[in-house]
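So the chains spell out like this:
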Amino acid sequence: MKRATDIICVFRIQLASMRREAGPFLLAALVFPSGMYLFASAISGGGVNHEQNPLRFLAGSIVFSLSLTSISWLGYLLLENRFTGRLKLFATLPIAPSSYVFGVLVFALVQAAMATTALLIVGRAVGVRMRPNFPLLVVVILLTILCLCGLGVVVAACARSFSQGSLLTDTLGAGLVFLAPVYYAPEMMPRSLRMFAQLLPTTFAAQAVKTTLGGGHAIGVELLALSLMAVATLALGFRLMRWREE
Amino acid sequence: MTHALAYAKSEMPATVRTLETRTEEAPLAVSVRDLVKRYGDGTEANRGISLNVRRGEVVAILGPNGAGKTTFLRQVSTELRPTAGAVSVFGVDAVAEPDCAKRMMGITPQEAGVFEALTVREHFEFFARFKNLAKREAREAAHEVIAELGLVNETNKRVGALSGGQRRRILIGLALLGHAPLLVLDEPTTGLDPSSRRAVWGVIRHAVDRGATVILSTHYMEEAESLSDRIAIIAEGRLLAFGTLDELLARLTRSYRLSYRDPFDPTGDFRVRHCASFAEAQQHISRELLSEYSIARASLEDVYFALTGELFDQSETEASR
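Sequence lines, in order, name chains A and B.
Residues 0 to 245, numbered by numbering that gives the first Met the number 0, are exactly what the first sequence covers, in order.
Residues 0 to 320, numbered by numbering that gives the first Met the number 0, are exactly what the second sequence covers, in order.
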């Protein structure tokens, strides 16, 4: 019970902190991925030659949005808390570091839910044909967020300075999307990168989101990969996030 | 300034004996044994510090910058793991069971940030919930602390709109929430104006009246003299002295302070000479034909100087007056 209260309090603190930034947040969560959707559509010929392209681009934009939310912005938030001394406030309290991380994770999940919903509305508005399998889509988004948030936590815990950390989270947030076959087919990648790219969490996430948006449910491999990666990154994140210094 | 201050054990005055008896009788709140903190680069921030703090006591930690005060407090508050030694908080091994020990503490770190977008009330209510208070209790605790800290007019203001001193008071208030039996305050009044500082002293005294034990570090002699039952002086990671103000003063063999202006340098700064007796000070005045002078009993500042060999930061002392 105490742990649940702690998690909710951390979440509410982050939520209250974001009150004045909700507008810019939604704008950023929409503008970048929507812009990428339009850009990808334009350079691919507007989806005239390939029926699957709009769905791929929408899935890619959702994953891009999740990556921005989980790694770049969550990482930034954690770094800000750490390097402005706010983390010390939590460290002085009788709460577990994991409660703090979970509280921030819940906050990231809410952000992701808002951004994904907004992008689905945009997708409908621009005429993307989709039959979303919502229960599965929720599971995919949840696992993707957990996995990518784990990376954000690791970077925030390891960074030696705020600028170093934010550079890393920005690079990872965008890099993991553009180095993975998210907006384009894997065959279009250089052969040397293909193997590496296939193992990125964003690759599994994009494939799973695309399948569920199309009404499919054959995403067992993707779910398994995302689950394993989520466990690994979060376990590492929890290990590194400690109140007590040595 | 005269540097020749000798230290010797002298008989303890009766008042000191009374206080000592009182504190000796109280059970231990904090026990620190041979505390050592050695960093990776070999720096020894604490070198075998041992001291006991009794329940209901206020102990001030004084020392020059870099003396190891903050390291000491961070180890007591479980934020930093000691290299060696033991810390016990109300009988709980704070090194082995930091979470358990932390439940009994209210902590104000030297450098901590606040959430600028939250209001003052939100800060206290949220953080009270972390201290296991139910919603209603948290609301009441927040109101109580806001009133105590004189922040009633700022209750619904965003913390980002407050002054540095008001933010510092919020950090102190967070430690007070939930009436923790031990308060560990690292330079709680640094950066506060004199009236805010006195208000915080009142808050600390009120907490002590309710039964809290307080360990605080400070840069202000006046704060240590005014607030604390006992004073620990730390320099270069070692505990140089620990006792009541009277005990510390009683150890000075030259316990009179003569401040004077050199008659051959009438525009120069005041000089200080420590004398063994009032008569010795008067003799010096006659011999040197001094016309501008004052004689006073030695103060904590003199003890500090005698022990650390460093002048106290005058600007900070002045600022506190």
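Calculated directly from the structure, the hints in this document are not laboratory data.
Beta carbons: idealized from backbone N, C-alpha and C, even for Gly.
Keep in mind that the hints are not guaranteed to be accurate.
Distance condition first, Cα-Cα at most 30 Å in a straight line; then the derived DSBU-like pairs of lysine-lysine [claimed, not checked]:
1. B/K134 x A/K87
2. B/K156 x B/K130
3. B/K130 x A/K1
4. B/K156 x B/K134
5. A/K87 x B/K130
6. A/K1 x A/K87
7. A/K87 x B/K156
Reference listing, derived: stretches of chain A covered by chain B, where coverage requires no fewer than 3 residues with Cβ under 8 Å from a Cβ of chain B [to be verified]:
8. 106-120
9. 128-135
10. 232-244
Verification of the hints:
no., hint, result
1, B/K134 x A/K87, "23 Å, holds"
2, B/K156 x B/K130, "23 Å, holds"
3, B/K130 x A/K1, "9 Å, holds"
4, B/K156 x B/K134, "21 Å, holds"
5, A/K87 x B/K130, "15 Å, holds"
6, A/K1 x A/K87, "20 Å, holds"
7, A/K87 x B/K156, "23 Å, holds"
8, 106-120, "violated (count 0)"
9, 128-135, "violated (count 0)"
10, 232-244, "holds (count 3)"
The structure shown violates the earlier hints numbered 8, 9.
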